[in-house]
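Number of protein chains: 2
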Amino acid sequence: MDYKQHFSSRALTAKNSPITTLFKIIQANPDIVSFAPGTPDPSVLPAEKFPALTQQAIDKYGKSIIQYGMPQGFEPLRKAVLPLLKKRSITATADNVHISTGASGALNNVGMVLLDAGDTVLVESPTYNQAVSDFLAYEANVQEVACDEDGMLPDALEAQLQKQPVKFIYLLPTFQNPSGRTMPAARRKQVAELAKKYDVLIIEDDVYYDLRYTGEHQPAVYSYAPERTIYLSSLSKMFAPAVRCGYSVMPEPILEKVLMLKQYIDMFTSQFNQALAAEFLAGEYDAFIGSLCKTYSSKLATMQQALKQHMPAGYTWDKPEGGLFIWLTGPKAIDTAALLDKAIQTGVAYLPASAFFLDPAEGKNALRLSFAFPPEDRIEEGVKRLARVLQEA
Amino acid sequence: MDYKQHFSSRALTAKNSPITTLFKIIQANPDIVSFAPGTPDPSVLPAEKFPALTQQAIDKYGKSIIQYGMPQGFEPLRKAVLPLLKKRSITATADNVHISTGASGALNNVGMVLLDAGDTVLVESPTYNQAVSDFLAYEANVQEVACDEDGMLPDALEAQLQKQPVKFIYLLPTFQNPSGRTMPAARRKQVAELAKKYDVLIIEDDVYYDLRYTGEHQPAVYSYAPERTIYLSSLSKMFAPAVRCGYSVMPEPILEKVLMLKQYIDMFTSQFNQALAAEFLAGEYDAFIGSLCKTYSSKLATMQQALKQHMPAGYTWDKPEGGLFIWLTGPKAIDTAALLDKAIQTGVAYLPASAFFLDPAEGKNALRLSFAFPPEDRIEEGVKRLARVLQEA
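Protein chains in written order, with this note's numbering: chain A, 9 to 401; chain B, 9 to 401.
Just chain A, with the same shape it has in the complex (with noise of 0.2 Å):
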C-alpha cells in the first residue's frame, strides 16, 4: 500500500527533532557524555516527593482532580503561578492564566490560533528548531532576523517588519535555547515598540526564567506590550518534565481562541498533574529553586573551566548568566554536523548548531552543549572528547 499519498503536505515535509533520533543512541551507550538534549539533571528531580504530593492533592481537592476538567487549568494552579509572574513583571490574575500541557502545548495551540498558510513569521537566528517545525506545519512563511549577543537587532527587525505583513515575532529572550544569550531590558523595550508600531504580536517563550545564576533579572517583554504579547513559560525544568504544566497569559481575545481549540487538540491538560504542581508550588518551590541554581551554576563552571582548558585555538563561547546551554563557534573549515558520528564515537554527544537555522548552512561551524544532563564529575570527560574530536578535524 502507497501511504504518501494518504498524508497531509505538512506530513511529507515532517522529521524528527534531532535531539529524538540522538536520544536512543545516547540511551543505548551510557558511556557516551551527553551535551546534547536540555533534559534537566536527573540528580535533582524531586521524584521521591511525588507519592506525598499525591496524597495531598487527593485530600485536598478531592476525587475530582482525576475527573475531566476545564480547557483553561486547574484554578490553585492558576493561582500559584501568579507569584512567579509577578517576579517577571507581569501583572496577571488567575483569569488570565492558561495551563497548557507542557510550553510545547501552548505554543502549538497559539500557532493553530494564528497561523494561516503563508503567514509570516519573524523568528531570531538561530533559534528553538521545534518551535519553527510547529510554524511551518500551519504553513507558515518562517523568516529569521539578524541578532546580536543581546538578541534581534532592531533595524534588521524593522526593515523585515517594514517588507511584509508579519503574524508574529517569536522570541526567547531569556537563556535562549539554543545560543544562552539573553535579551537586556531595553532591547525587549526596542523590540515591543515596533511590534506595536507595525501592529503585530509577539510570542515570547520564556521557560528557563528562574534558572538565573549571576546577574540581574529582565523584565519580560510582555510587560511592554501586555496587549498584544503571548506569554509562554513551564514546569519542565523548574519541576519535572512529566507534570507536562505549561503556564502563560495572553490577551483576554486571543485567550478565548486558544482554549476553544485546546478543545480539539486534548481537551484539557491533566488536573491531576495540575494539582501537583500546585501543591509543589505552595510547599519549598523557593528552597528547591534555590538548590537547582546552585547544581547547574556548579556545573556551568565547571564546563566553562573544561573548555577553557582543552578547547583547541580558534573556538569561541559564551558565559551565559543562566539557563542549559552553552554556544560554541568553531574555526570556518568545521562542520559539526559532519563531525557528530565520530563524536559519538568518542563518547560525547552535541547538537550541531545547523538545527536551529533555517538554512543549515549558516550554523556549520557551531554547535549547542548542554551542561545540564551528565554528572558534574564526567564534564571534563566529555570536553576533553570534544577538543580531541575538534582537534583532529
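Hints may contain errors.
Which copy? The list can't say, so a pair holds if one copy fits it or any two copies do.
Distance condition first, Cα-Cα at most 25 Å in a straight line; then the derived PhoX-like pairs of lysine-lysine [to be verified]: (1) K12 / K171; (2) K32 / K87; (3) K392 / K340; (4) K68 / K32; (5) K87 / K340; (6) K94 / K316; (7) K12 / K23; (8) K32 / K71; (9) K57 / K71; (10) K12 / K204; (11) K316 / K327; (12) K171 / K32; (13) K372 / K197; (14) K57 / K68; (15) K327 / K302; (16) K87 / K71; (17) K350 / K205; (18) K302 / K95; (19) K204 / K32; (20) K302 / K71.
Because the hints were derived from the structure by calculation, they are not lab data.
Following the hints, put chain B in place on chain A, whose structure we already have.
Chain B alone, transformed into the frame defined by chain A:
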C-alpha cells in the same frame, strides 16, 4: 486593538463545545440533574488508589518517569494495553502501539498528519461533534454518510466514495457517541471492504468498547483492514480522564509521521501518568471494569425504566447494550435546542442533537442523554423533569 485580523481563519470560525458552555452552568447549580456530558460517575473514579500507584510506579520504574519521555509512549504501558487490544481482535506488539495525550490527542495528531485543506472526510450521521470541529480546523470538507441503527449504510457510503476522492472514513462503531449505536461485525466488514475497494483510510474511534453490559463483543473494524485503519482508544473512561492516556494502533508508516508531528504538538505524553496507568492495568483491572459495568448497567436500566414511565407519547429511544448514551427522538415539531434553557431552569440538562449534525436542523427533535454522571437515585427525578419540559413544549 482589533484582534480579529490577527486570527487564523480556523480561529475565526471556532466555537466552544456545547459541553464546555453547559459545564459551567451545571457546576454552579448542583440541583440540576445532568444528563449532558459523557463524564464518568464520580463514585467509580479510583482516586484513593493514586497515592499507592504513585509509590509503586516510582519504586518500580525509578526517577526517569518524571523526566522527558519519548513521543511513542512508555513501553510498560504499551505492553499493558496489548491484552485489551487482543480482546478486540487486534493483533499488535508494543512496537505498534502509541500512547497519546487522551484519544483526542491522537485524533488531532492523525488529523494533522492526513488532512490538507479541502480533503474530504466521511463521518457518520450523527457523529461526535468535537471530531468534526478538529477536522474543520484542518480545513477538511466533512460530509455525513446516512446511517441506520447498525451504522453507516454501505450503499450510501459507496455512493459517496464514488463521487469524490476521500481521505478517510471516521467511525465510532461501538456504543457510538452520541447515538449509543453499535455496528455489527457484518457491517464492519462491509465498510472495511469498501475502504479497500476505494483505497481510503479508516479512523476507528473506540473509547467505550469495554463498557458492554449485555450482548456480544464485536471485532474491531481494524481487524478487517489493519493495513488502512487507525484504531484509537483511551483509558479516560476505564481508569481516569485526568491520566490523559489514549492508546492507538496504526500502520507503521502512519505511526512514523504521527510521532514526528507529536514532537511539535506536545512533545510526549507524561510517562509518570503512563506509569500509573501501567500499574493500574497490571493490578485489578478486570475486577474494576466488572464493577464499572455493574454500576453503569444498573443506571442504564434505571433510566430506561424512568423513560418508559414518564416520557410523553411520541418519544422513542434505544436500549444500547453498553456505553454511556441514550438517543431520544421526539415529534417533528419539537426543538430540543430551543428547550434547553427551560430544561435547565427546571433542573435537568441534556445535549440537543443539533450539536451532532453538520446541519443543526437535522437533529432538531432529538437529544442525547448520558446516564453515567448523576447519582442513580437522581435519575428518575431528572427524567421526570425532562418529561415535564417536553410535555409542555
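Okay, the hints, checked on the actual structure:
Taking the closest pair of Cα atoms, K12 and K171 come within 25 Å of each other only across two copies (22 Å); inside a single copy the shortest separation is 37 Å, beyond that limit. In this assembly of identical chains, K32 and K87 lie within 25 Å of each other by CA distance solely across copies; the values are 19 Å between and 38 Å within a copy. Taking identical chains as interchangeable, the C-alpha atoms of K392 and K340 lie at most 25 Å apart only when both belong to the same chain, with a minimum of 21 Å there against 80 Å between chains. Proximity of K68 to K32 under the C-alpha cut-off of 25 Å is restricted to the inter-copy arrangement: shortest distance 22 Å between copies versus 40 Å within a copy.
With identical chains, the CA atoms of K87 and K340 are never at most 25 Å apart, being 50 Å at best within one copy and 49 Å at best between copies. Taking CA atoms no more than 25 Å apart as the test, K94 paired with K316 passes in neither setting, with 38 Å inside one copy and 58 Å between copies. For the homomeric pair K12 and K23, the shortest alpha-carbon distance inside one copy (14 Å) is at most 25 Å, but the shortest distance between copies (32 Å) is not. In this assembly of identical chains, K32 and K71 lie within 25 Å of each other by CA distance solely across copies; the values are 18 Å between and 38 Å within a copy.
With identical chains, the CA atoms of K57 and K71 are at most 25 Å apart both within one copy (20 Å) and between copies (11 Å). Taking the closest pair of Cα atoms, K12 and K204 come within 25 Å of each other only across two copies (16 Å); inside a single copy the shortest separation is 43 Å, beyond that limit. In this assembly of identical chains, K316 and K327 lie within 25 Å of each other by CA distance solely inside one copy; the values are 11 Å within and 76 Å between copies. Within a single copy, K171 and K32 get their C-alpha atoms no closer than 43 Å, and across copies no closer than 46 Å, so neither meets the 25 Å cut-off.
With identical chains, the CA atoms of K372 and K197 are never at most 25 Å apart, being 32 Å at best within one copy and 54 Å at best between copies. Taking the shortest Cα distances, K57 and K68 sit within 25 Å of each other both inside one copy (16 Å) and across copies (15 Å). In this assembly of identical chains, the alpha carbons of K327 and K302 lie at most 25 Å apart only when taken from the same copy (16 Å versus 63 Å across copies). Only within a single protomer do K87 and K71 lie at most 25 Å apart by alpha-carbon distance; the minimum there is 20 Å, versus 28 Å between protomers.
When the C-alpha separation of K350 and K205 is checked against a cutoff of 25 Å, the pair qualifies neither within a copy, at 49 Å, nor between copies, at 50 Å. With identical chains, the CA atoms of K302 and K95 are at most 25 Å apart within one copy only, with a shortest distance of 19 Å there and 52 Å across copies. Proximity of K204 and K32 under a CA criterion of 25 Å is satisfied in neither setting, with 44 Å inside one chain copy and 36 Å between copies. Taking the closest pair of Cα atoms, K302 and K71 come within 25 Å of each other only across two copies (20 Å); inside a single copy the shortest separation is 37 Å, beyond that limit.
Violation of the numbered hints given earlier is confined to hints 5, 6, 12, 13, 17, 19; the remaining hints are satisfied by the structure.
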